[in-house]
Amino acid sequence: MALTGVEIFKLLPKTNCKKCGHPTCLAFAMKLAQRQASLDACPDVSEEAKRILGEASAPPIRPITLGAGDKAVKMGEETVLFRHEKKFVNPCAFAVEIKDSMSDDEINKIVDGVLNSEIDRVGQKLRIDAIFVNNASNDAGRFEGVVKAIASKAPAVPLIIATNNPAAAEAALKNIADKKPLLYGADESNAEAMVNIAKTYKASLGVTAKGLDALSALTEKIKGLGVEDMVIDSGARTAKEILEANTFIRRAAIKKNFKALGYPVITFAQRDDKILESLVATLGVTKYASIVVLSSVEKWKNLALFTLRQNIYTDPQVPMQVEQKIYKIGEPTPESPLAITTNFSLTYFIVSGEIENSKVPCRLAVMDCEGLSVLTAWAAGKFTASKIAQFIQESGIENEIKHRELIIPGYVAILSGAIEDKLPGWKVTVGPREANGLPAFLRSKA
Amino acid sequence: MAFAAPKETFSGKVFEVTIGTDKTAVFGGENVLPFHAFEGSVPHRPVIAYEVQDIVPDDWPETVRKVYEGVSGDPVTWAKYCQDTLNAKAIALRLLSTHPDRENRSPEEAAKTVKDVLAAINVPLIILGSNHVEKDSSVLVAVSEAAKDKNCIIGKAQEGNYKTIAAAAMANNHRLIAMSELDINLSKQLNILITQMGFDKEKLITDPMCSALGYGLEYTYSVMERIRLAALTQNDATMQPPMLADVGMYVWKIKETQASDAELPLWGSLQERGITWEATTAASFLMSGAELLIMRHPEAVKAVEKFIDELM
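Note that the protein sequences, when read in sequence, are chains A and B. Start counting the first sequence at 1; every next residue gets the next number (this note's numbering). Start counting the second sequence at 1; every next residue gets the next number (this note's numbering).
The set of hints was computed from the structure by calculation and includes no laboratory data. Just to be clear, a hint being listed does not mean it is correct.
[What the hints assert, rightly or not] The calculated lysine-lysine pairs, modelled on BS3-like cross-linking and capped at a C-alpha distance of 25 Å, are:
no.	chain 1	residue 1	chain 2	residue 2
1	A	K240	B	K306
2	A	K148	A	K174
3	B	K66	A	K299
4	B	K255	A	K125
5	B	K255	A	K359
6	A	K223	A	K256
7	B	K306	A	K299
8	A	K445	B	K255
9	B	K302	A	K299
10	A	K99	A	K148
11	B	K7	A	K240
12	B	K7	A	K255
13	B	K7	A	K87
14	A	K86	B	K188
15	A	K19	A	K31
16	A	K255	B	K13
17	A	K86	B	K7
18	A	K10	A	K31
19	A	K71	A	K148
20	A	K256	A	K74
21	B	K112	B	K150
22	A	K402	A	K328
23	B	K253	A	K328
24	A	K125	A	K74
25	A	K274	B	K306
26	A	K445	B	K253
27	B	K150	B	K115
Quick caveat, the model's predicted, so the values are computed rather than measured.
Using the sequences and the accompanying hints, generate a full structural model.
Spelled out as C-alpha cells, the structure:
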C-alpha cells in the first residue's frame, strides 16, 4: 500500500536543504505521496529509504507487456476493485487458443481469423490481441513447427506459449525470442527449468498452481530465482471458481498490498457452447482478468466482447463522446428531417435509437459540446444559438438537403428564436423534451 | 508471505422477494456481492422472466420475432407458450398497446388482458405499462385491481406517477418496480418517496434503468454496483431492494441486433450476434447485481441460465 506523506517524511534526511526544489522535506514528502515528485530529486536520501520507498511506490499489480512492437499489450497496474472509483487501467487482452494437435488447415483458419479480427468502434481499433499456442500434442517437434509457422504468418501478434515441458518450451521459444512472448507453464514441478528458459529468451512467465496458497508460494519462489514478470493462474476454471479466485487476487493485491499475488491474471473461458463462452469471458472482462483465453474467433462473439471491454474500461469521470458530424439514420433523402443534439455518447445513442425506432429516415446533427448532455451543455454555454448556427453553416448540410428546417430538443425551446435570427432562411421547430417522444413526433411530420 | 483469503462480510443484506401465488419465484436475500457465496449467503438464483406483449411485436427484429410466430398474436397464447414450452419461471407482460402513440387501448381493456393471462398461467406475472408516465398511472391502477392478491410485480413507478401506482399496488398486495434514470441518488430518493407513503420497502424492486451493451451499459453497470455496495456496506435500507434489468427491450432495438450479415460482414452472423448481445448484456448485469431479468430470446435465456448454473 502506498505510504502517507508523514511516513515518507520519516525516511527523508530532514535537512530542508531545498536541493529537490521544495521548501522543506515535508513538502517534498507530500508531493512524493501524491506521486507528483520523484525520489531521484533528493541527492542525500539513504539507500535504505530508497529501497523502502521503491517497494511502496511500486504499483500493487505489476505492469507486464505481452509481445513487442505496435501490437504489444500492456497489462496490470490496476488500482481499484470497482470501475466507478477510478478508471480500470489496461484493458484485458483476448487470446485465442490454438492446439498444436489441430490440422495445419484448422490452425491457418484461426490465424486468419485473428489477423482479420480488427473492428473500428467509436474511434477505437479493437482486435483479438494474442494467440495462445497449446502443446496439446505433447510433441516438442510439432510444437516448435506450429509456433514457428504462426509466428511467420502473424509476425506482429503477441504469442503465449503453453506447455509445462521445458524441452518443448525451449524448442518453441528459440525461434521467437525477439517477440517478448509469455511462456505459460511454470508449475511446482518445473519452476527452475522454466525460469532459466524465460531468462534466456526474455519471456515473461505464466505461473500456475492449484489454489491461491500454492500460487503465492510459487510466485515467491520464482521471484527468488530471478524472474519477476509473471502472469498468474490459480487453476480456476468454472465461473464460480474464476469469480472467487479473481476477486481474492485483486483484493489481496490492492487492499492488502500482498505482493505474491500482485500480477496480472489469466482466465480461461473456452467452452463448447460459444454463447456460454461469451458469458464466461464477460465474467473475465468485468472481474479482473488481464488475459481472457477463448476457443474461437467468430466475428459476432468478438464484436460483443470487444464492445463489453470498451464499456467496462471507459473512464467513468470522462463522458464518452461521439464525433461531431451529421449522421444519417435510415436512408434519408434531401427532404428528410434534420434534428440536432449534443455529442454526449449516451445522448447520441438514445436519440439515434429512438429515431431508428421511428422508421423515419433522418439526419441527426451531433454537435461537439465536450461530451455534455443537452441541458448541461446549454447551461454551460456550449449549446447556444450562435454555436448551433455556426455548426449548421459550416457543416455543408445546406448543399445536401432541400428544406431549411431544424428540429431542436424540447429542453432548449428557448433557443428557437435566436437560432432563426442567426440562420437566415431557416425555420426552427421545437421537438420533444425526451427522446422517447421522437417516434411519435417524427411520424406525425412524415 | 502466507496467503490469507481477504474475505469481506457486510452488515447489510438485500431484501428477499417472493412473487406469485401458485408456482412462486424467490430472488434476493444475499448478504454479499453478486455470487460471492465464498464469503456469505446467496440463497437464491436470479430469476429470468420472459417478455410478452399485448400486441403483435412487429417492431422486434426478425431473429427474436420469428421465435414467437404463431403465438404472438394473442398474449394468452404467447404467455402459455413461454410457460409450457420454454419453461419460463415468470412472465413479464408489457401492455404496450395502451401507449397513446400505439393503439391507445383503455385501462379496462388492459385489465381484461391481465385477467385472461393470469387465468391461463400459474407462474408469477410481472405487469408492465407502456412507459408513458400519464397513461401508466391509470393503466397500472386498473391492472393492479384486476390482479388483486395475485402477488404480481407492477411496474414501473417513476417520479412523475409513483403516487397513484404505489397506492394501487399497496391496496392490491403487489410488489412494485421503482424506476429512475441512471442515478443512484434519484433511485434512493424515489424509494424514499414511495416508502413514505406507507409502502413496504421490502416489496420494492429497484430499476436503475437498463441499457444495452455498447449503448450506455457501463452507466447501468456502475449505478448498480454503487447501489449494491450502499446496501451492503452502509446497511442502507432504501438501497436494499433487489434490482431489475429490463434487458430485452433495450437490446432488440439497436443496430447490432438488426443489421444483416450482408450489410455488415465484419460483424458476423446476425442470428448469433443478436442472441449473444442479449445474453452478454444480461450476464454483465448479473455481475453488477441484478436479481431479476426480463429477456426475449429463448436461446439467450438458456445461455444465461447455464452461466448462472456455473456461478452458483
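Looking back at the numbered hints, which does the structure fail to meet, lowest number first?
none
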